[in-house]
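**Student:** Sequence:
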Amino acid sequence: MKSSETNVSRVFELRGRWRFLPVAITVALLSGVGIPGHTDDSAGTEQANGAATVVEIELHPLQPRQWRLIWTSDPTREATLSWSTREAGSRHVVHLSSADGTSQVVTATHNGAYTSSGDTLFYHHARLENLRPDTRYEVVMESDWQRSPDFYFRTAPREDRPFSILFGGDSRSDPAMRRQVNRLMAELTQRDPQIRCFAHGGDYINTGSSFAQWRQWLTDHEHTVTDGGRLLPIVPTRGNHDIGPLFEEVFGFPAGDTNYYALDLSPQVRLVTLNTEISLAGDQRAWLAEELAASRPRYRFLLAQYHRPAYPAVKRPGAAKQHWVPLFEQHNVDLVCEADGHVIKRTVPIREDKFDPAGVVYIGEGGLGVPQRQPKSERWYLRDSGMSARGHHVHVLTFTEEAIEGRGVGLGGVLLDEFRRARRQRVDSGVGRRNESADR
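Residue numbers (the numbering used here): 11 to 450.
Errors might be hidden in some of the hints.
Stated by the list, open to error - Straight-line distance between alpha carbons at most 20 angstroms, and here's what the computed PhoX-like set of lysine-lysine pairs gives:
1) Lys364 to Lys386
2) Lys331 to Lys386
3) Lys364 to Lys325
4) Lys386 to Lys325
5) Lys331 to Lys364
Treat the hints as calculated values from the structure; they're not laboratory data.
All chains should be modelled from the sequences, with the hints used to inform the complete structure.
**Tutor:** Here it is as structure tokens:
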């Protein structure tokens, strides 16, 4: 297999940047390769399904791989750039430059071994700070003088102008399908440079304590990079399958973090990320109440994302319905993004558990590669102007001065859903009617 690995490495390396082979070819060439000298720990259902072949090529043990850019705070000025190596190394840095000739070297200060019952890899997180808004940054990751390909990313602008994000959840259990959805996201981002980031609703893998599964997910995540080398920032949410410390190690959170936070996607759009895997009441609910009360008067559009749905298309309602929905309605949240159900859905606008044109709409339910279920389409909130269906997908959410425009996009670019939520005429907490004729 050694010669095949060498040939694949040559194909991937082109003009200083690896190119992705079609998934079927990649799997055929690399089946059973994994990481030389490393053995898998239990891979659970993903391994049992026969789809968890580790799609990696043999490189230098300190060659940066599994690249990811993470947003959890101010995307106009900050980001976390992360990667993995096969050996620990001693010097891990990011070379950062912009078009005006400014350059700097940033040291990765958060390094360690991924938690694993068997052999493992090593994570490296470099915190990029004091960046300039609306700026393209060229980046190269380096571990003990072994360099990654050239990549770039853009910081968010401070200007109020139209833009889009991607949202999806549940990329577990079928890595081959996950890679297809990842390539779809890369293609969408390549075609639309106004796509700013990717909000993931949780359940990245099937068994959160399995490093073998996380390793596969991290390698598959490389497929979200565009052919031009653009890194798509990820805004991570914790799901019910994402148990244990590996979630923090993958995304650079401090150990034991609560994993709920909020950030500005633009001067007029705020995204609140919540955690359904800890108490939804108590501290988290108090924080959410304070966050929504402060944010609603300041932002044109206010969104939330979390994993277990309040208005599910398959399962029973999660605890969010009791603890968070009253706050969403009190503060007129514009759109709520949910996962966990393994379908695509969009509810009618809801207030006080019934249809209300000025209510809150819930979308999502997870189609980033997980096997799809049959939705319970007879539920009242999925009928009439609501929808539900099976199908792997990602949502494209576009924010303009007047509305949120959403599309559910399936494999091959098939349009699965389309909707528009008009800007509220007033955005004070406890009030806020919509221009109902503009909603559809």
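**Student:** State the violated hints by number, sorted upward, taking the hints as numbered earlier in the document.
**Tutor:** Of the numbered hints, all hold.
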